[in-house]
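A.B. asks: Below, each chain spelled out in residue letters.
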Amino acid sequence: DSGVTQTPKHLITATGQRVTLRCSPRSGDLSVYWYQQSLDQGLQFLIQYYNGEERAKGNILERFSAQQFPDLHSELNLSSLELGDSALYFCASSASPRRGGETQYFGPGTRLLVL
Amino acid sequence: GDSVTQMEGPVTLSEEAFLTINCTYTATGYPSLFWYVQYPGEGLQLLLKATKADDKGSNKGFEATYRKETTSFHLEKGSVQVSDSAVYFCALMENSGGGADGLTFGKGTHLIIQP
Chain W
1 DSGVTQTPKH
11 LITATGQRVT
21 LRCSPRSGDL
31 SVYWYQQSLD
41 QGLQFLIQYY
51 NGEERAKGNI
61 LERFSAQQFP
71 DLHSELNLSS
81 LELGDSALYF
91 CASSASPRRG
101 GETQYFGPGT
111 RLLVL
Chain F
1 GDSVTQMEGP
11 VTLSEEAFLT
21 INCTYTATGY
31 PSLFWYVQYP
41 GEGLQLLLKA
51 TKADDKGSNK
61 GFEATYRKET
71 TSFHLEKGSV
81 QVSDSAVYFC
91 ALMENSGGGA
101 DGLTFGKGTH
111 LIIQP
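Note that the protein sequences, when read in sequence, are chains W and F. For what it's worth, this note's numbering labels the leading residue of the first sequence as 1, then goes sequentially. For what it's worth, this note's numbering labels the leading residue of the second sequence as 1, then goes sequentially.
Next comes chain W alone, as it looks inside the complex (with noise of 0.2 Å):
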């Protein structure tokens, strides 16, 4: 058990909707980062937050969005789905943003399928 949790396990929803994939880090890490994981394009870097605010972008669509809450959680949203955002979403976290071989520990995973 990583310390890292995200809710709900599992999201089945239909193209045009939006949906929240919600993401608790570690007690005492400040940074929170998130992922996609798909068949065809593997694990891709989403988004960061540091302490309530967005440190660094990947590879997030415009449909995407996150933010990170004073008691440091974390909500991705997802809108105007599409059949290819049918993926596996992880979060993780860190203790800081320091660069260099900070350990991210990742959490279990929203699945979420479009129909």
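These are calculated hints, taken from the structure and not from any lab test. Glycine residues also receive a C-beta, built at the ideal position from the N, C-alpha and C atoms. Possibly wrong hints are sitting among the right ones.
Unchecked claim - List of simulated lysine to any residue pairs, SDA-like, C-alpha gap at most 20 Å:
#1 W:Lys57 x F:Asn95
#2 W:Lys57 x F:Ala27
#3 F:Lys56 x W:Glu102
#4 F:Lys56 x F:Tyr25
#5 F:Lys52 x F:Gly78
#6 F:Lys60 x W:Asp1
#7 W:Lys9 x W:Pro108
#8 F:Lys60 x W:Thr103
#9 F:Lys68 x F:Ala17
#10 W:Lys9 x F:Ala27
#11 W:Lys9 x W:Ser24
#12 F:Lys107 x W:Asp1
Stated by the list, open to error - Every beta carbon over 12 Å from chain F, so not counted as near; a handful from chain W, in silico:
#13 Gly28
#14 Leu43
#15 Ile47
#16 Leu61
#17 His73
#18 Asn77
#19 Ser79
Guided by the hints, dock chain F onto chain W, whose structure is given.
C.D. replies: Below, chain F without anything else, positioned relative to chain W:
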């Protein structure tokens, strides 16, 4: 941009066989390197890491050495067990510069160990 290349498999071995999973990378700077493992239905777990050239990461009988001259970080284990069956991901994170803090992953290698 940064990239990681690894053999995708599946790689099938008999129990107690020697394991090598190759990983090479392309990066603009001098990254930290990681191996993560994903067991069926679970999130990613850090297996080992190395933060600078010639460092050797090791854990649970697995080893990998950071080779700057060949830009490689091959994963090895002397005697594999059935319980090692999983998907293994090689990843990097830049140590400096203004880029994102997210991990760049390879496609993953599916390892199957037969009794």
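A.B. asks: Could you run down the list of hints and mark each one as holding or not?
C.D. replies: Hints and how they fare:
1. W:Lys57 x F:Asn95: Answer holds: Lys57 of chain W to Asn95 of chain F is near 17 Å, not above 20 Å.
2. W:Lys57 x F:Ala27: Holds, at roughly 18 Å.
3. F:Lys56 x W:Glu102: holds, 16 Å
4. F:Lys56 x F:Tyr25: Status holds; Cα separation ~16 Å.
5. F:Lys52 x F:Gly78: Since the Cα atoms of Lys52 of chain F and Gly78 of chain F sit roughly 24 Å apart, the hinted pair is violated (cutoff 20 Å).
6. F:Lys60 x W:Asp1: Holds. Lys60 of chain F to Asp1 of chain W sits at ~17 Å (cutoff 20 Å).
7. W:Lys9 x W:Pro108: Answer holds: Lys9 of chain W to Pro108 of chain W is near 8 Å, not above 20 Å.
8. F:Lys60 x W:Thr103: Distance ~17 Å between Lys60 of chain F and Thr103 of chain W Cα, so the pair holds.
9. F:Lys68 x F:Ala17: violated, 28 Å
10. W:Lys9 x F:Ala27: It is violated: about 34 Å lies between the C-alpha atoms, which goes past 20 Å.
11. W:Lys9 x W:Ser24: holds, 13 Å
12. F:Lys107 x W:Asp1: Violated - the C-alpha atoms of Asp1 of chain W and Lys107 of chain F are around 24 Å apart, more than 20 Å.
13. Gly28: holds, 17 Å
14. Leu43: violated, 4 Å
15. Ile47: violated, 8 Å
16. Leu61: For Leu61 of chain W, whose nearest Cβ neighbour in chain F is about 15 Å away, the distance exceeds 12 Å, so it holds.
17. His73: With a cut-off of 12 Å, His73 of chain W remains clear of chain F, as the shortest Cβ separation is near 17 Å.
18. Asn77: holds, 18 Å
19. Ser79: Nearest chain F Cβ is 22 Å from Ser79 of chain W, so the label holds.
Of the numbered hints given earlier, the model fails hints 5, 9, 10, 12, 14, 15; all others are met.
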